[in-house]
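Peer 1: Construct the entire structure; sequences and hints are all you get.
Those protein sequences? They're chains A and B, same order as listed. Numbering of the first sequence is given in my numbering, commencing with residue 1 and proceeding in unit increments. Numbering of the second sequence is given in my numbering, commencing with residue 1 and proceeding in unit increments.
It is possible that some hints are incorrect.
[To be verified] No more than 27 Å apart at the CA atoms, straight line, and that leaves these computed lysine-lysine pairs for DSSO-like:
hint, chain 1, residue 1, chain 2, residue 2
1, B, Lys101, A, Lys129
2, B, Lys101, B, Lys87
3, B, Lys56, A, Lys129
Since the hints were derived computationally from the structure, they do not count as laboratory data. Owing to the predicted nature of the structure, the values given are computational and were not obtained by experimental measurement.
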Amino acid sequence: MDVILFLVFALFAVACAINVVVQRHPITSAISLIGVMASLAVLYLLLGAEFIAAAQVIVYAGAIMVLFVFVIMLLNAGAELRSGRSLMAQALGVPLLAALLGIVAFFVQRLFPRETTTHFGGFTGGGAKEVGRALFTTYLLPFEATSILILIAIVGAIVLAHKELD
Amino acid sequence: MASVPISWFLTLSAVLFALGVAGFLFRRNIITVFMSIELMLNAVNLSFVTFAYQFKKVDGHLLALFVMVVAAAEAAVGLAIILTVFKRRPSLDIDDVNSMKN
Numbered sequence: 001m002d003v004i005l006f007l008v009f010a011l012f013a014v015a016c017a018i019n020v021v022v023q024r025h026p027i028t029s030a031i032s033l034i035g036v037m038a039s040l041a042v043l044y045l046l047l048g049a050e051f052i053a054a055a056q057v058i059v060y061a062g063a064i065m066v067l068f069v070f071v072i073m074l075l076n077a078g079a080e081l082r083s084g085r086s087l088m089a090q091a092l093g094v095p096l097l098a099a100l101l102g103i104v105a106f107f108v109q110r111l112f113p114r115e116t117t118t119h120f121g122g123f124t125g126g127g128a129k130e131v132g133r134a135l136f137t138t139y140l141l142p143f144e145a146t147s148i149l150i151l152i153a154i155v156g157a158i159v160l161a162h163k164e165l166d
Numbered sequence: 001m002a003s004v005p006i007s008w009f010l011t012l013s014a015v016l017f018a019l020g021v022a023g024f025l026f027r028r029n030i031i032t033v034f035m036s037i038e039l040m041l042n043a044v045n046l047s048f049v050t051f052a053y054q055f056k057k058v059d060g061h062l063l064a065l066f067v068m069v070v071a072a073a074e075a076a077v078g079l080a081i082i083l084t085v086f087k088r089r090p091s092l093d094i095d096d097v098n099s100m101k102n
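Peer 2: Here it is in structure tokens:
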């Protein structure tokens, strides 16, 4: 059951991610990215991360992607006229990406043999209670720092969007 | 009980990250490039949650949460920058924004 769920949602995530990269129209990419985030939320649930799965759906798929779709609509963004970057990026990028993927897959297989497996319910410390306790004890200082970061981001976004052009 | 090897999760994370890098390198539309960055952040989050499972500690979830917060702040500021650039020159092509180059 776990394997079936993992395979279905992993393949869905990879298909949506490929769609994000190859589509020419930004709104199609945005919808595909929502598909990636939703399937990742299911995988988080498989790994026992209930709070993170909920936050993934609410914050990423709910808030950030709405912002993206809103900006795409506001700018009236159409399909790309020309696609593909410089020849140098394409010539160097594909082999380097393949090398990166190969090295990472090799080390992952070396470090984690097939015996180290996951199963649903193997880790139950990911609920809101445990995350909240860790957030307000061990990680109190980073938590406060992120609140300041968000404040700076709000002010920065407002200043940038309202700037009068000379 | 059938179970999923932990390396599958990490490999999926690497594949999603590589696809994000590919989108970042090969696309011209500035919004698509931005969405590729979000894709990379999501891939890294999957690694964090997988390692939290592996070590049976909640710390990885906290890191994923902080990544989400930073992604939200980055999206807000980045999209505001895109709006400002678009007001000045009505083009979304990332190669047209080169006034700092020469």
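Peer 1: Each of the hints needs a verdict: does it hold here or not?
Peer 2: Going down the list of hints, with the structure as the test:
no.: 1; hint: Lys101/B / Lys129/A; verdict: violated (50 Å)
no.: 2; hint: Lys101/B / Lys87/B; verdict: holds (20 Å)
no.: 3; hint: Lys56/B / Lys129/A; verdict: holds (16 Å)
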